[in-house]
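Enquirer: In order, the protein sequence lines correspond to chains A and B. Here the UniProt record's numbering is used: the first residue of the first sequence is 1, the next is one more, and so on. Here the UniProt record's numbering is used: the first residue of the second sequence is 1, the next is one more, and so on.
Bear in mind the hints are in silico, worked out from the structure with no lab data behind them. Misleading hints may appear alongside valid ones.
If we take Cβ atoms under 8 Å as the criterion, some of the chain B residues that face chain A in the derived model are [said to hold, decoys possible]:
no. : residue
1   : LEU16
2   : GLY490
3   : ILE687
4   : SER690
In silico DMTMM-like cross-links for lysine to aspartate or glutamate, where the CA-CA straight-line distance does not exceed 25 Å [what the hints assert, rightly or not]:
no. : chain 1 : residue 1 : chain 2 : residue 2
5   : B       : LYS8      : A       : GLU89
6   : B       : LYS8      : A       : GLU104
7   : A       : LYS12     : B       : ASP30
8   : B       : LYS642    : B       : GLU699
9   : A       : LYS100    : A       : GLU126
10  : A       : LYS100    : A       : GLU89
11  : B       : LYS642    : A       : GLU104
12  : B       : LYS382    : B       : ASP297
13  : B       : LYS112    : A       : ASP26
14  : B       : LYS8      : A       : GLU91
15  : B       : LYS758    : B       : GLU444
16  : B       : LYS8      : A       : ASP155
17  : B       : LYS8      : A       : ASP92
18  : B       : LYS266    : A       : ASP39
19  : B       : LYS382    : B       : GLU180
20  : B       : LYS112    : A       : ASP39
21  : A       : LYS12     : B       : GLU118
22  : B       : LYS8      : A       : GLU94
23  : A       : LYS162    : B       : GLU695
24  : B       : LYS266    : A       : GLU40
25  : B       : LYS112    : A       : GLU28
26  : B       : LYS601    : B       : ASP585
Because the structure is a prediction, the values reported are computed rather than measured. C-beta: ideal position from N, C-alpha, C; glycine also.
This is what each chain is made of:
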Amino acid sequence: MTEKTAESSRLKTITLKVNHKEYTVDVEPRMLLSDVLRDELRLTGTHVGCEHGVCGACTIMIDGRPVRSCLVFGVQADQANLVTVEGLESEDGELHPLQKGFWEKHGLQCGFCTPGMLMTACHLLEHNPHPSREEIREAISGNLCRCTGYQGIVDAVEYAAKEMRERAE
Amino acid sequence: MSIGASLKRLEDYNLLTGRGQYVGDLRFPDQCEAVIIRSPHAHAIIRSIDVEEARRLDGVLLILTASDLPGDLRPIPMRLSPDPILEKALQYPLAKDRVRYVGDPVALIVAKNRYMAEDAADFIKIEYDVLPPVTDAVQSLEPGAPLLHPDAGTNEMYLIHGKKGDAAERLKTCEHVLKEELYVQRHSGIPMETRGLLALCDEDERLTVYGAAKVVHFNHQLMARLLNKNIEEIRLIETDCGGGFGPRGEFYPEDYLIPFAAMRLKRPVRWIEDRLEHFKATNHSREQKHQVTVGFDGDGRIYALRDEIFFDQGGYIRTHGTTVPSLTQAMFPGPYDFSDIEIVTHLVLTNKTPVGTYRGPGRFEGTFVRERVIDMVAAHLKLDPTVVRERNYIRPEQMPYSNGLSALGQVIEYDSGNYAETLDYARKFMGWEQFAGKQARAREEGRFIGLGFASFVEKSGFGPWEFAEVEMRPDGRVICKTGLTEVGQGITTTLAQICSDQLGIPYEYVSVVHGDTDLVEKGNGSFATRGAVVGGSAAWHAAGLLKEKLLEVAAGQLAVPVDMLALKHGSVVYAEAEQVAMPLDELLQICSDRGITLCEKYTFHIEHMTYPYGCHAAEVELDPGTGALHILNYYIAYDLGKAINPMLVEGQLIGGMAQGLGGAIYEELKYDEIGQLVSGSFMDYLIPTSMEVPEVRAEILENYPSPLNPLGVKGAGEGGTVAVAPAIANAIVNALQEYAIPITSLPLRPEHIRKALKQMKPRTERRSAGPTG
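Construct the complete structure from the given sequences, taking the supplied hints into account.
Expert: This is the structure in structure tokens:
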């Protein structure tokens, strides 16, 4: 049985492009992507709430799609393009309209689910600039929030959608 | 004026950009990680533990069992409502010879990382002699039930008896008597961030522990006591906290074990609970059975109330002692004036995870039972349930009103309020007067809709005191140190607004420091909705003293009487005309030149709690085929005296409602007959998502400020939660009047409604639905 431990400690080199920056790290094949991001790359904005893919706190973008990073092994993301909450601000430090919206509309309390919510909402607004409240609720329904009762989050996403439309015009 | 304004939170920037620092985000050189091995059995004798093979594994640094802990180690004591009777059932950090619930900590492994520690856990061999478990509080009292703590000699650890008048006698003379049994299921706070700690021990044996929450200063003292260290040798630091709600921040076995391991290893040890572990290890709450009897007249006036409550404590007494059952009992009469009351609460041990508080402890349970009973009385008499409420409310002119019962060492004494007023708001908003017609029309379309109400009284501002220290720096920035803690409720912004109001500076100039035992002199922490009331008042007074000092210096300099001056818009102004008398920076320069320190401390004491209150109303639609429930409309009227920041209050009410909804319909910590927790993941323990939580209209009322504190505030943390279950349950009953379905237990799952509908034949005669006056 000690062999099993030795085997699983075999490392594999992977390359991840996160928020436009390239990282090369050696990881155990069994290491979750969420742990790679948090513990190896020190990008701790991505949170882990359940490790079984239900709460959505660890949601990040992988190649343009929202994915639960606790359900992906780091090695599976080799060569992928990732965006985490740390990559939402523009380079000059301006907050993303969603970040502004969450701030304006009290879309967060403890803030733990917030990064995952932001990434999920980001994907929604990229594909639907005019979401109804019902569509927003449906889009974020895979992300649990224990504090806000979601109403502030829906308000925040509505606010951001409007901002982004005005910006695009 | 900054108080009363819906200002954006100072907390948010870091949390929105991924710069938050939750305990799991911290990293120190040589940091290693702990995993706790927990009992797989609900009740067993530990025969042997063999750790030798695990010890030899790569990366394993330390393994501890109970025999590795100091021989004179005491169990974890009670923080609130301690009582010597309960001491025989306290929990040790590691189980000594017997385990009493699935999840009872048995051993600790520290390895270079969590993956290695979990590997090692598989190599520890523990032999158990399994004992029969007991998983029901009533069965636990039966003769022959397995004894959890043989030294205690009984599973009934405590009996609380509260009495006003003579309910038994009074019941004999009542025109009508109703007897009902009601049940509230086990559920809990389940914050999105699980618990965690990171402990470091330096060369001088000084310990620093990150991840404290809620009651940092209390845990500081307790940790020192249990670890046998001087208090100066330990520093507790609060990190960002991913949700509190009651369970987080109490002193748990891990709060001893992780610092102890760090001291042994002399390197940083981190422990982060995984989700399954959280479900088993962190305080559960709420499970209660009530046997209620009420006596009333034909008008629905209730005279006598008797209740026998069976409170399921789980395997050990944790830090709350008798707090939750005594709060259930003392707050049970709620907003009503009953002349004769007798309540008996049995605090009973079972082989389940121990319980503590969860948002609205005792009130969620009691409010469900009481507000269902009010509707049952109304149904019995074929009266409008809102009218039955009205006929029993304590009237404003009866304030201050004592219900004759006590909790937390004080007699319940409501300070002020008008309970009928919030019901009026709710009836009006929900269109109760017209509802019978609406309901009848819906019924013709084959739709079942119903409207339910639930009144409640909350408590807030638990004393005895809270501390604040406010300092103005030479650059005009203010540091406010508080004994409160931040669990996501926005206390940083709230206190900044209070200081800003007193000192006439923008609230962004105020930095709030909390939860660090090296930086903050003392504190009681954030629980029981006490933050704004007790901590806010302390900050108000400390900032007020600072204001007086500043104005005195300014008055001397300007040679005018001090009462002519005020602080506003970053200047000293002439109070009446608000004309600038002296810029603040000039005054600060003068103070600095004269060596005047601008730092004031205040400890605000409060003898009695204060009591916010309100009314919830739910309009629901039921699918009689599936039992599915759809909330069409939800309304909360809440009078809290004064809102420091209405946006945050609304956030508390709506967020609280979502948690109440979870407890009403979805959430249950369910055990099978051998004591295995069968809802230990988010696949089985259902937290409401954005699809289940409706849009909530929360009306904040400030009609009855508290006379007990300078701000008039009554707190907002729990009122959104406590009345959701009865409002929805009453709405369901109202929707399905023809079926007379017995809604007496939570959660109100679709299958229960479906089953009830199948069993019940529709009544031939349909009762009046709406108001009857």
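Enquirer: For each hint, tell me whether it holds in the structure or not.
Expert: Verification of the supplied hints:
1. Because the beta carbon of B/LEU16 sits about 4 Å from the nearest beta carbon in chain A, less than 8 Å, this interface hint is met.
2. Given the 8 Å rule on beta carbons, the hint for B/GLY490 holds: about 7 Å separates it from the nearest Cβ of chain A.
3. The criterion of a C-beta within 8 Å of any C-beta in chain A is met by B/ILE687, whose closest approach is roughly 5 Å, and the hint holds.
4. The criterion of a C-beta within 8 Å of any C-beta in chain A is met by B/SER690, whose closest approach is roughly 4 Å, and the hint holds.
5. At roughly 19 Å between alpha-carbon atoms, B/LYS8 and A/GLU89 fall within 25 Å of each other, so this suggested pair holds.
6. Simply put, B/LYS8 and A/GLU104 have alpha-carbon atoms about 6 Å apart, close enough for the 25 Å limit, and the pair holds.
7. For a cut-off of 25 Å, the pair hint linking A/LYS12 to B/ASP30 stands: about 22 Å separates their Cα positions.
8. A threshold of 25 Å between alpha carbons decides the hint, and for B/LYS642 with B/GLU699 the separation of about 13 Å falls inside it, so the pair holds.
9. Taking the CA atoms of A/LYS100 and A/GLU126, the gap is about 16 Å. The hint holds against a cut of 25 Å.
10. Annotation: proposed proximity of A/LYS100 to A/GLU89 holds, straight-line Cα distance about 10 Å (limit 25 Å).
11. Note on B/LYS642 and A/GLU104: the hinted pairing holds, with a Cα-Cα distance of about 22 Å set against a maximum of 25 Å.
12. The hinted pair formed by B/LYS382 and B/ASP297 meets the criterion: a straight-line CA distance of about 13 Å does not exceed 25 Å.
13. Between the alpha carbons of B/LYS112 and A/ASP26 the distance comes to roughly 16 Å, so the proposed pair stays at or under 25 Å and holds.
14. At roughly 24 Å between alpha-carbon atoms, B/LYS8 and A/GLU91 fall within 25 Å of each other, so this suggested pair holds.
15. Taking the CA atoms of B/LYS758 and B/GLU444, the gap is near 21 Å; set against the 25 Å cutoff, the hint holds.
16. For the hint linking B/LYS8 to A/ASP155, the alpha-carbon distance of about 14 Å falls within 25 Å, and the restraint holds.
17. Distance check on the hinted pair: B/LYS8 and A/ASP92 sit about 22 Å apart at the alpha-carbon level, within 25 Å; holds.
18. For the proposed pair B/LYS266 and A/ASP39, the alpha carbon gap of about 21 Å is at most 25 Å, so the pair holds.
19. Taking the CA atoms of B/LYS382 and B/GLU180, the gap is about 18 Å. The hint holds against a cut of 25 Å.
20. Between B/LYS112 and A/ASP39, the direct Cα distance comes to roughly 13 Å. Compliance with the 25 Å bound is thereby established for this hinted pair.
21. Restraint check for A/LYS12 and B/GLU118: satisfied, since their Cα atoms lie roughly 21 Å apart, inside the 25 Å limit.
22. Distance restraint check for B/LYS8 and A/GLU94: the Cα-Cα separation of roughly 17 Å lies within the 25 Å cut-off, and the hinted pair is therefore satisfied.
23. A distance of roughly 20 Å separates the Cα atoms of A/LYS162 and B/GLU695; the hinted pair therefore holds under the 25 Å criterion.
24. At roughly 23 Å between alpha-carbon atoms, B/LYS266 and A/GLU40 fall within 25 Å of each other, so this suggested pair holds.
25. Between B/LYS112 and A/GLU28 the alpha-carbon distance is near 14 Å, which keeps this suggested pair within the 25 Å criterion.
26. Among the hinted pairs, B/LYS601 with B/ASP585 is consistent with the structure: their alpha-carbon atoms are about 22 Å apart, no more than 25 Å.
Hint compliance for this structure: every hint is met.
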